[in-house]
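With chain A held as given, fit chain B onto it using these hints.
There are 2 protein chains.
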Amino acid sequence: MLQRKSRSPEAAYVSELLKAKPLAETVDPFDCVARELELVEENLARSIRSAESSLTDIAGHTILGGGKRLRPIIALLAFKAFGGKKLEDVVDIATALELIHTATLLHDDIIDGAETRRGKESAYKKFGLKSTLVAGDFLFIKAFEFAGKFDDTVVQWTADACTRLTEGEILQEIFNRNTDVTIDDYLEIVKRKTACLFQTGAKIGTYQAGARAALVEDMDSYGLNLGIAFQMIDDVLDVVGHKELLGKPTGIDLRDGNPSLPIILALNAKQAAVVEAFESSHPNERQIHAAIAAMEASPVIETARELSRTYAEKALGPVKKLPPSLYRNALKTLIQLIVERNF
Amino acid sequence: MLQRKSRSPEAAYVSELLKAKPLAETVDPFDCVARELELVEENLARSIRSAESSLTDIAGHTILGGGKRLRPIIALLAFKAFGGKKLEDVVDIATALELIHTATLLHDDIIDGAETRRGKESAYKKFGLKSTLVAGDFLFIKAFEFAGKFDDTVVQWTADACTRLTEGEILQEIFNRNTDVTIDDYLEIVKRKTACLFQTGAKIGTYQAGARAALVEDMDSYGLNLGIAFQMIDDVLDVVGHKELLGKPTGIDLRDGNPSLPIILALNAKQAAVVEAFESSHPNERQIHAAIAAMEASPVIETARELSRTYAEKALGPVKKLPPSLYRNALKTLIQLIVERNF
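Protein chains in written order, with our numbering: chain A, 75 to 417; chain B, 75 to 417.
Next comes chain A alone, as it looks inside the complex (with noise of 0.2 Å):
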């Protein structure tokens, strides 16, 4: 059983301070942990495997279908930031978190009947409901196969991550074309349904590397912001964003009814052709093209990336409290990449 280490991280310092640069400099997250990505690579590959080849091929269809890796990266950044060494403490427990994203895509895009997923057509499009359903179960499954390996906080900080997505799709459905909607529950919703496997990521990682509760805390907060603040920027891209490098129709939000931040900030600001598209329960093209050119034109788009700006700057204390190391630097990167993005 994988354990938790004892030795203190501060040792593990050393070689990466011979690397340190100063924190205003960027260094591309992915390419710091490539190494580590690459056996969570091989583990999903691996994972998805099954003696009936439908779930292999559902499973593979999202699992291998262009993700970030956002989740794993987390981890095995904090992981490294706090000098953790020995990768098999790390990668399963990151190849779980991604294990658990992808099996809530998958039932997600079933509960919104959605038709594209990262560009393509969704599992749940091209394969039906049923084996969707079944694929998904089975990603959980291989979730908990990675991650029943390691110790009682572990295993409880997974399962409290997966209970609190679930709540988040239901409180979601409360506030589907619900014009109550305020940004205390969007923050809710935000907090259970993403940002909690940013959360986690960071907090088991920082854990694993074998560093005092109070790191664990302060990187469990720079993964719950970075998560409010990704979720932000994926709300605006669906009223901004490029058709061709999202992977999917912008617009989403408005069709499905799901209370996104600019829509709760246009429905405050009293957005006669939003309020009408929120409102209809199935709005036409004009309605949704209208209810996106009435945002634009206003300035929700400008106070949603704001708000955005707000909790990176929030995730962005703790990595100020590091000791300087590459993967230090990544773990601001990666809050300036999600902020900036435009896919």
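Hints are computed from structural coordinates only; laboratory data are not their basis. Be careful, since some hints might not be right.
The list treats identical chains as one, so a pair stands whether inside a single copy or across any two.
BS3-like mimics (lysine-lysine), calculated; alpha carbons at most 25 Å apart, straight line [said to hold, decoys possible]:
| no. | residue 1 | residue 2 |
| --- | --- | --- |
| 1 | K317 | K194 |
| 2 | K204 | K265 |
| 3 | K322 | K204 |
| 4 | K142 | K200 |
| 5 | K394 | K159 |
| 6 | K322 | K265 |
| 7 | K223 | K160 |
| 8 | K95 | K395 |
| 9 | K194 | K204 |
A quick note: this is a predicted structure, and the numbers were derived from the prediction, not measured.
Quick look at chain B alone, frame taken from chain A:
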């Protein structure tokens, strides 16, 4: 973390031996582990509490909806039969098996479009697809929370059982309304879809009691064969059972196009009414009734019962090798109850 016990189980039999009866005497399996089952019930009731009341409602609708708790009972009886003493070594994993079973029921009801479950409206019918799907995920996660505390072997066996469940579901879909289905295909589906949780319960209960590997394998075979016998009787009751006793209408397998044992036997015997109803994508009531009447009037029901008794006999083998105890007799009685049941 709960660990496997290394103490020889023989020592623990002394008090049991004093209470032991000849194997021919029946012992109520439910009474025999009533106290342990209460702990499982407490676990189940606690596990469905969620911040989102709808998750609690849906999970409760199914978890507290009259399940027989066969999978926990098998794990508990095996544990006690091999002298297991510390209940914390078995109660949580017994709970996990029931949670997994219930999660699959919720997802199966979506896949089959089931209207009723245990005499009540199905969760799918009552709460809708989206919430029922998420509630199934929620129960899988709770199962993971309970199972993840055990050692790597138990985690792996539990995950393997879950994987087989999903593969069984896919395999069943492949043979849906497919007249090419053979008895061998049927056994493969049943082993994965039904028997594997019986098998895993018996195996883990024995392992957690500290029994030798050969005994663990013996009890694995008990669970596997009992599970097959159970499903065969389930299939028979779907033809000849009473709606009130079953808590669901008969003829579901024909309506859903599921290849049950009597249907396969009838297809082999070229019963025209059964071929017609099974191949029809939406068989009408006349077709269903004609197919049921044809099966009832033919030897297929008796042949199916006979096959079920063959597997019951195989399950009995390992029980006969057990040292005398109340639990040994209860394991035997459980076989009888399952094969002779009419609901």
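Here is how each hint holds up against the structure:
{"no.": "1", "hint": "K317 with K194", "verdict": "within (12 Å within a copy, 46 Å between copies)"}
{"no.": "2", "hint": "K204 with K265", "verdict": "between (29 Å within a copy, 20 Å between copies)"}
{"no.": "3", "hint": "K322 with K204", "verdict": "both (23 Å within a copy, 22 Å between copies)"}
{"no.": "4", "hint": "K142 with K200", "verdict": "within (22 Å within a copy, 38 Å between copies)"}
{"no.": "5", "hint": "K394 with K159", "verdict": "within (22 Å within a copy, 52 Å between copies)"}
{"no.": "6", "hint": "K322 with K265", "verdict": "within (23 Å within a copy, 41 Å between copies)"}
{"no.": "7", "hint": "K223 with K160", "verdict": "both (15 Å within a copy, 22 Å between copies)"}
{"no.": "8", "hint": "K95 with K395", "verdict": "within (15 Å within a copy, 69 Å between copies)"}
{"no.": "9", "hint": "K194 with K204", "verdict": "both (19 Å within a copy, 23 Å between copies)"}
Comparing the model with each earlier hint shows no violations; every hint is respected.
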